[in-house]
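> Protein sequence lines correspond, in order, to chains X and G. Counting from 0, one number per residue, gives the positions in the first sequence under numbering that gives the first Met the number 0. Counting from 0, one number per residue, gives the positions in the second sequence under numbering that gives the first Met the number 0.
In case anyone wonders, no lab produced these hints; they're calculated from the structure. The structure displayed is predicted, hence computed values, not measured ones. Take the hints with a grain of salt, since some may be wrong.
Distance condition first, Cα-Cα at most 20 Å in a straight line; then the derived SDA-like pairs of lysine to any residue [to be verified]: (1) G:Lys-62 with G:Thr-15; (2) G:Lys-95 with X:Ala-128; (3) X:Lys-73 with G:Thr-15.
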Amino acid sequence: MVSKQTPLSFTLNSKPVAVGTDAGKRLSTVLREQLGQLDVKIGCNAGDCGACTVLVNGLAVCACLTAASQVFGKQVDTLSGLVASESHTVSLQAAFLRHGAAQCGICTPGMLVSATALLQEQPAPSEQAVKDALGGVLCRCTGYRKIIDAVMDAGGHQAYRHDTAGTVSSRQSVGVSLTRLDGADKMNGVDAFGDDVAPANAKVLRVVRSPFHHATFELGDIVDFVARHDGVDRVLCADDIPGQNRFGIIPGFIDQPVFAEGRVRFRGEAVAAVVGNADVMEALDFDDFPVRWTEQAALMTPAEAQTMDAVQLHAQSDNNLMCCGTVQCGDADAGLENAYVKVSGRFSTGFIEHAYIEPEAGFAQRTGNTVEVHGCTQAAYMDRDSLALILGIDAEAVRIVPSAVGGGFGSKLDLSFQPFIAVAAWLLNTPVRIAYTRRESMQATTKRHPSDMQVSIGVDNTGRLCGCTFEGTFNTGAYASWGPTVANRVPIHASGPYLHAHYRARASGIYTHTAPAGAFRGFGVPQAAIAQESLFDELAMRMKMDRLEFRLLNALDNHQATVTGQVFEQSVGIRACLEGLRAQWRAADKDADAFNRQAIVSHSPWRRGIGIASGWYGCGNTSLSNPSTIKAGIRRDGTLVLHQGAIDLGQGSTTVITQLFADALGVAAKDVTLLGADTGITPDAGKTSASRQTFVSGNAARLAGLALRQEIARQSGYKEIVGIDLSASNITVTSATGERRSIDLADQAALNINDDGYVLMVEESYDPPTSTLDENGQGEPYAIFGYAAQMVVLDVDTQLGLVRLDHFVAAHDVGRAINPLLVEGQIHGGIAQGIGMALMEAFIPGRTENLHDYLIPTIGDVPPIETIIVEVPDPHGPCGAKGLGEHVLIPTAPAILNAIRDASGAVIRNLPATPDKVLAAIHRDVETE
Amino acid sequence: MKKRKARTGCDENVNTLLLEDALATLASGEAVVLAGGTDVYPGLQDRPAPAPMLDISRIAELKGIEKTSDGWKIGAGTSWTELIRADLPAVFDGLKCAARQTGSVQIQNAATVAGNLCNASPAADGVPPLLALNASLSIASARGTRLVSLPGFITAVRQTTLKPDELVTAIVVPEHELNALSVFHKLGSRSYLVISVAMLAVTVVPDCDGRIRDVRIAVGACSPVAQRLPELEAALYDLHLVEDDLSAALQPEHLQCLKPIDDVRGSAAYRLEAVQAMISRSLREVAEKFAEVKRGI
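Construct all of the structure, not just a fragment, from the sequences and the given hints.
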């Protein structure tokens, strides 16, 4: 029998350890909380994600499914131990770095441990063996292909050999594939994520959440509850919020309470929080928490929420309409009426969960009249300002110290855990920590908006677009979050990167009793692209035109107006992307024909199809100021410091921004000491969203580099300088004529130290030039768009409806690839998320609140990806660079849907295209014929 | 069986719990049985582990796979990985195929085959292949031992005939003729870590000529408990693996015993249709395997 608090001894990372613990406690918890083994990550507590993989007597197991007592007398190895003792792990680490196989790094320990177990058994494994060995570890960032490559490389396969392309010692950083600057910590499992940063004495907070989609409630005797539970310090509820019990994103739409007030509007909404000692909180049963629920009828869809007698979720929103956005030009109705060919369709998509492997976590502590919040976030300054209002204190009294972020993709832009622990730490004057469970993370944080889109598009007799209407209804959930942004972005982008003279698009956001829909990679644009790009295929087929050539014929070009009337003179790159795919497209078309002829002969149920889709995306906020500020300085000892406030979610902004800064200054990336992000020490570099960090913060960093170079030139007395060499307390400056002078940083008479500790310091800002849109959505919403086109080859099992992806070719116009390795990483990761959206992902509140019912792609689901980096420079971009982070996802799902139809005739307009839907659509197609 | 005090906790003997001690513990009160932990812990949904738990992974008597006079005995402590690595006759190929598709390597290393049966999920990967192998379960308690057939063991969704004081000690697979063949197909919406939409397991015992002398076909995830298809099996009896069109024997009424549901993984209609395709493919695969063996490959 497993009994309580037994002494447990085993060998951990080659050292004997003994610890007193509950025998049935999860090994993952014991390793992290009692033995400080923070390289073991917890993503799901259900064996679904593999982040906590450790070796027990050499076998890979999930530590979250292993009872502590089960390792008695055994040998347990975690990443940090393997790094010290196992040569396979060391070569895997090096290969992961070289290949860019880690982005956020939260899955990296699980990947490296699993891969080590593989190489111990099979030193030179096949690709299939690699997939089989890593199939149990989920990654949401990389798309897995670089992980496969890295393991194959570490396994000695020459074909996968990849050497570091760039060096941090080079003075030319732009265009160089530097390995990520924060990579070493991620490889060693020491990068500190949200649940890795709390002090040992922190109290633990857990949230009491609604089990109902819609209910009224009354809290009972909380004082009695606290009294009945030893070790519980306090219960917090709406009455305890010192400032305003509201938060949100967009002015005018600040509608979400920290704690619900008498009524909950979605399943998982917080009504109270309990704070207490860690051991007590872990075991605390909420079943006896004093709350009385009265369930109410729930409005789960916009259709239900817009009936005549539907209850209104928010007083200011009649008919539950949150807001809508419109863009129109020309006369779309007349254009469609006169069209030679017109196609229409209704398309729908469901909630998509971000499913980053790191659930929300962090801690807060109060010092005097200030409060610090540490944890994972995408938006430090927005968090700071919102928390100040909730606490009723000045923004300067709140400091946000972002931890490493284990994936964000948009959802960590919103406040989630922060208000609870900030209020608790503030009121209790003690450090308080929290880590969301996977279920909480899935229930309570924002999702991609479900969409319902009615679209019509017409062409003239030459195949040119002559009219397009788009009417999209987006389920924004119970609270606004980034809903207004989606409503505004979609009409601008629903045209695709094409020339439309007659266009009208309208998107509305509707409140329902579901989890708030917010920001998710693309802000509604991926949904719109599914409708538009699917109908483009129909138009091309009706016109008997090649589907790629049809898109090229209609592709937007320089000097042509977008649907908002914006004209770019030199940076429209969609044509180059489509042309980049042409040769492969034609080859794939021939290959598919041959495949299908053979399949018919051999009575195989498989049919091959090819699909293509384009995408575009405006970088930065829509018609709103969104500046970034970057500060840099040189200390008296010669240390060059970059205050870099842009939060790296794994995409690599820390590396790219440093490259741009170092390149502009004329030093090597290795010469730069990085600080931040931290609102206490880094100026506001804005949020990490809208594909804006390379573009906006990158520009600020470049300007800071140039300004510092100018300052050094001024100090040297040279008009023009060509070389800067930093050494201890000295800068050697080389003039254009080859002369050298030295700036003595220790010279106190010449150089004073400023308040920040620098003898030389600069601070530069950049804000993209945009203009407000008029009532027809006309204007210049973004300074830069990025462009993309992707093609996919896939096979459909026409008897089972299964889709087997063969390969992708992805052409992306990034203006200038500051770091090609990181560009590829974004493309791979975006495609993986697009695959999930197209084929398997569906968040259903109350039903798929874990990672075994909510499926995301595994290592077996992402086929080889060939990337084509297109560089059509943008005059506003740093060195010509455009954003990329969201573009990478937009064409993927429609390309897959178009290929499924090409292969099998199945028309899928309601996502995801699960096997049952594909098979039903094949039957519909056969009936139609 | 003499009564002994169960050894508890993580003392020096923790690695060697005796079966009789475990049974005594179960006889003295209910305990959650812990083996691989891959169903127990997810089922907790972030609540702390229940006390008491009886960790049977430490019982040496439950380890290993051996050939006995009753057939092959797969100890209840046998993990999927141990099964995959065991040297077993070809008739176990289907079960091994299911093992390789159960969860992930992490799950296969920890989870036990017997635990998969005890969990009694409609989508349990182990049930169809073991039904097709005519497997039974060896069950022990302080009161004695009994052998129960797999269909007699799992009665409904997450329900078995196991009594609170009983423990499954082994899965027993009767010995098959050497030329018996088996295949397994799992249908899911992604690779790895996926709960099955439908599963199909087939065991065929042909005579040396290729005529079907015994056939068992089991379908998973299409009814509360995985089902054999006795009418289809009867229709296939005596057909020739290579010369006859086996698929033609399949009639819609053969599937009437299935009761698939609509859920997030697939519709009921889809499941029924998919099963038919899977049956045809599995029978063709068996025929190909037979032909290969015959050709001496």
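> Each hint: holds or not?
A quick look at each hint next to the structure:
Annotation: proposed proximity of G:Lys-62 to G:Thr-15 holds, straight-line Cα distance about 12 Å (limit 20 Å). For the proposed pair G:Lys-95 and X:Ala-128, the alpha carbon gap of about 16 Å is at most 20 Å, so the pair holds. A threshold of 20 Å between alpha carbons decides the hint, and for X:Lys-73 with G:Thr-15 the separation of about 13 Å falls inside it, so the pair holds.
Checked against the numbered hints above, the structure violates none of them.
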